[in-house]
Every structure is written in C-alpha cells, then in structure tokens.
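Colleague: Take the sequences, apply the hints, and build the full model.
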Amino acid sequence: MDVLNQISQKIAQTIAEIYGVNEEVTLQPTRKDFEGDYTYVFFGLVKSLKKSPPEIGNALGTYLLENFEDFESYNVVQGFLNLKLKNSFWLAVFKNVISENIVMEIPENAPAVMVEYSSPNTNKPLHLGHLRNNFLGYSVSEILKAAGYNVTKACLVNDRGIHICKSMIAYSKFGNGETPESGGLKGDHLVGKYYVEFDKAYKAEINELIAKGVPEEEAKKKAPIMLEAQDLLVKWEQNDPETIDLWKKLNGWVYEGFGKTYKTIGVDFDKTYYESNTYLLGKDLVEEGLANGIFYKKEDNSVWIDLTEEGLDHKLVLRGDGTSVYITQDLGTTDLKFSDFHSEKSIWVVGNEQDYHFKVLFAIMKKLGRSYAEGCYHLSYGMVDLPSGKMKSREGTVVDADDLVAEMIETAAVSTKEKGKIDDFENDEAQNLFRMLALGALKYFLLKVEPKKRMLFNPEESIDFQGNTGPFIQYTHARIKSILRRANITENQTIEIAEGSILNKEELDLVFLLNQYNDIIQKAAEEYSPAIIANYVYDLAKTFNGFYAQHSVINETDESIKTLRLALVKKIAQTIKHGMGLLGIEVPEKM
RNA sequence: GGUCCCGUAGCUCAGCUGGAUAGAGCAACAGAUUUCUAAUCUGUGGGUCAUAGGUUCGAAUCCUAUCGGGAUCACCA
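If you count the first sequence from 1, you need to add 1163 to reach this note's numbering.
One or more of the hints may lead you astray.
[Said to hold, decoys possible] 27 Å max Cα-Cα, derived DSSO-like pairs, lysine-lysine:
1) K1753 <-> K1705
2) K1553 <-> K1611
3) K1366 <-> K1356
4) K1366 <-> K1555
5) K1384 <-> K1398
6) K1412 <-> K1423
7) K1366 <-> K1349
8) K1349 <-> K1363
Hints listed in this document are in silico derivations from the structure and should not be mistaken for laboratory results.
Modeller: The structure is reproduced here in structure tokens:
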C-alpha cells in the first residue's frame, strides 16, 4: 500500500480546496522529537500565499481532520505540519503488509538487464579488492531482480595477454611439472606463484644488466625473460599448438581454483565471456565509425576519435598496425553482449580507476548511434585500503581472498563455540553456521559502505560480530525464529489479526519500517546501491531488538495481542531474510 | 598541470533530489538477565559537517574558490 501517495494526495486535495492552488506534496517521516508520523513542509505556501505559517498549517490540519478519517491529530511548528495517523489506519497498513508476498515473480517480458562483474585475470588468485567487486555485482543483480528486472549476471574473463604469458614462461622454466595435486596448491594459487616467480627472475635479470652498465629503462625492455614472454604472446596469437596447450593447462587450473572460491563465497554467473574469444572484436565497429566519419585516420594509419566536445580527449581506437587496444575490444564486446541479450540496461562493476575508460566507451557508443548507449552504466567503486595503506602486490600487502575467508570462518567458529549455544549441532551443521557467519560479517562489512567511496578494511573490525554487522542481523533473525518455533508457527501459515487491535509505540515503529521495504528496494535498484539495503535491514533489526527488550511475544496473556505480535515478528524475519538475501547473505535459524 | 571522486564524533560509516536540536556502530564509562537467545537492550560523555564566500525564509546537502587525500590523463588491460 502506498501510504505516502495516499496521504500526499489528500493534502494536495486540501490545498486545492482551501486555496485553489495545485501543489506537489512530498512528505517526510516526522522527526522523533515531534509528535506525528509524517510531516508536510509548507514554507513554499507561506511565500506564495503570503499568509502566516500557523494560519496555513491550522487551516490544512483542521480540514484534513474533518474530511478524512485516517488522521488522528496534527500540530504545526513553524512551516511544518506534523500529521499523526490513526492506530486503525496503521493496523490496516500492517494487515496489508503481512498479506503481501515479498518475493515476486518476474514476468517473461520484464526489461532485461546485464550486470557484468568479477572479471578476473587468470594469472593470480582473487584478493580483497575482487571480493568487493564480486559482492557488489552479485548484490546489485539480486536487487535488480527484486525490483522486477530480468537479470543476466555476466563475467568477462581476462584469459589472455602478456600477464598470462609471464606465468607460463615462469612455469615452463621453473615449474618442474608441478601440478595442483603434486604441489598441494589450489590451481589459481599455483599459477599465481609462478607469476611471482616471473617477477623475481625479471628483477634479477634487470639488476644483472644494470650491473653491466645497461641503463635501467633499456634493461627493463631487454631482460631476456621479458622478451620470452612477449615472444610467447606472439606464438599464442599465431595459435602455436604447444603454447596453446600450456595456456589451456594453466587456465584450467585457475578456473578450478576460481570455481572453488566462487562457490565458497556464494557468487555465480549466468554467462561467461572469455577475452580470448572476444579480443579481436570491435574492428568492424572501427570500420563503421570511419565510414560514418566519426573516427579519423592519422598518417600512420592509427584510428582516433575526437571527444573534445564531450569534455574528453582525442582517443586512439585502433593501432597503426591494425591491432586492437583495450577500448577496441570493449566496443566489440559491448555490441556482442547487446546482440546476445538485448538488455535495456547494462552495468559494469569495475573499479573507479577506469572511470575515464567508461566515459569514453559510452561516448563512442552514443556517437555510433547505439540505441542501448543510454542504458549503459559504470558502477564504479572505490579501492579497499588497509590500515597500513594501499594494497600493493609488489610489496606483498595484498589480502588473499581465500586466506581471508578461511580466517573469518575460524574466528566465527571460536566465538560461536565460546557462547555455547549450539552444543546440540551436528558437525556439518556447525561448519555451515560458521561459514554463514563469517561470510555474513565479510559481505556486510564490504557492502554497507556506499560503492563509490573508498573504504578502509580493518581486519579486526570486519570480524566484529557486534553492533552494525552482519552477524548482529543474523542473530536477530535467529532470535525471531526461536520465538516462532516455540509458538509452532510454520513458514506458510497465515495469521489472522483481530479487528480493532491496537498497536503500541514499538509495534507502530516496526510497521512503519516494514511498509517502507518495497520503496527501499526500488531506491536501491535505481541507485545500484546495496548499502541502502544494508542500512535498512540494520535499522529493522535494531528496532526489533528494542521491541524485544520491552515486550514479550510468547508470554503475552492477551491472545489477540500475542497473535498480532507473532504475525509482526514473522514478517520481520521474512523481511530480514529477504533483505540479507539481496546482499548475498544467508541467515541462520539458530545461532 | 587538465579532468573526475572523496573530506561528517577519537575510529568506521549513515544522512546529501535544501527543512526542525546532524544520526548509528566501535572504543570509554554507568546500568539491565527468576520471564521468548545478553552475539541483546538502556543511559552518559564526545561535532567550527575540511576552510572561506555566495544563493535561500532555511545549507552537512546547491554554486564558486581554497586546502587536504585519491584516481586518471598509455599505440597496458
């Protein structure tokens, strides 16, 4: 039920009736320090009607009370009209809220949206930065689904290029045929190890050359191992069988490793693109742009676009030798994605260091007259910093995703066992709970912050289970489920609310929040912001805990109040579960 | 240097499509458990919303400038 709309309309009607003017009425929740549910700010009317605030406020309030039955009382403070709605009105809202199913069916013809995220390189394992990306992408996808879109989760794997060749060279030189099995290493970590080995060998060679009197710049270019890597890239592009075999072997290990990580962190994709299949795309778009006069050719045959009118620069779209650059591929891939799924909106979850790249990409698409250009959006997110500063792979300060998750699970296990509440759990049941709590803490920690903001990852705080954290919300859910178990309420049971029930202050607060949930989902979808969901669910859990401390459900002697509270807490549990689901976080029945 | 993003309590963050006395959590201190899970709840202290102007009845929020932090300005991806 759209409460805000209903009331706004009544106020607009009142203004038209009394003053004969049409006003757009927007409401806001009344501040806690004042009496009321919703507040209408009418300074605008004071000005245009040239009447005093009390005069207008009282006239509106009186009229509303006399002509509409939903209003209980009003008060006027300066230009603020605070309106209090009747308990019976909120009871009707509550009944409506519990009758609605949160999970809705997505119709076949719902608008299609593609969310591309994760998009890893296959030369090293995932780290903390990737986790923010994965959690964001997954969550935004779920939020868009909840808002009624037909979502395709896509992953573009960067499986080719010089960085993979580096791992390949190092592996063939120093690998001695090591396999994930023989080395006891996850595949992605194994390949990552040789990427590091390459860097070591490369640096040693540079130093050797410098010692021989070669200038540093030249040494970097001429180090033999680097030349070998570049040579390998050429061989790869020429489809050299031996090179392709090695490439396939290493990538296979990496995919196996990634697969395990994705499974643990609960992330998945509907469609995977591989850059090795798409890196040649885009050249026909360059031709098209040249034919249309959107691109121009320089003397050396390189192709450029002038984006100075868009506030950008001249940008290269094809090298003089006819080979692709990053943007060339992206032009082609974007076109391919659209022809595959015809998405109305297309979202790229990519770090903010690529802000410029996406501005250019979208500007070019627009110039090429692509209909979907308007629906393209770069969901840019800030870096994750450590208390010690930036994560730098060269300095070994990168937080590995697998290690981090394992540590979090261990911490969850220790603190859960301390509490002694799950002594009756079977072992795998307990393990599952530890995983749930660990990931809940981690995901919530990374998602509660607005995506575009740079954030600080403090390992100690992220494994905190108190206050504004995932486990706090998970705990609240478990508490409610415990009540429902005791009351023998099952998931599908409908609970009838008695006519004329009266909601107390704490119950009203909860109904007020529950009624907002649909709007919150829409807002989060419009802004591509899981943080909005996180803050809402936290608020709901916190408000419930306040209620819980003051009122008993099970021990309430008045049966009609008890029933009402059972329905209320059941709905809260469902909403928490659903909201956390949108963040990719599971909630336990018991903890 | 050009462009873009950020700056709110000791720390981590909400609030930013202009509204009332700027909110949470952590940390500190004081309380609450014979009663549905205390991973909880209640209370106390803590702020020149980076700075300076401007617009407005009203600015953390919009505009301008300055300062501080970051990103980017590759024929790398």
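Colleague: If a hint holds in the structure, say so; if it doesn't, say that too.
Modeller: Hint check results:
1. K1753 <-> K1705: Roughly 18 Å separates the two Cα atoms, so the pair holds.
2. K1553 <-> K1611: 20 Å, holds
3. K1366 <-> K1356: 16 Å, holds
4. K1366 <-> K1555: Holds, at roughly 17 Å.
5. K1384 <-> K1398: The given pair, whose Cα atoms are some 19 Å apart, holds under the 27 Å limit.
6. K1412 <-> K1423: 17 Å, holds
7. K1366 <-> K1349: Judged against 27 Å, a Cα distance of about 26 Å means the pair holds.
8. K1349 <-> K1363: With Cα atoms ~21 Å apart, K1349 and K1363 stay inside 27 Å; holds.
Violated hints are absent here; each numbered hint is respected by the structure.
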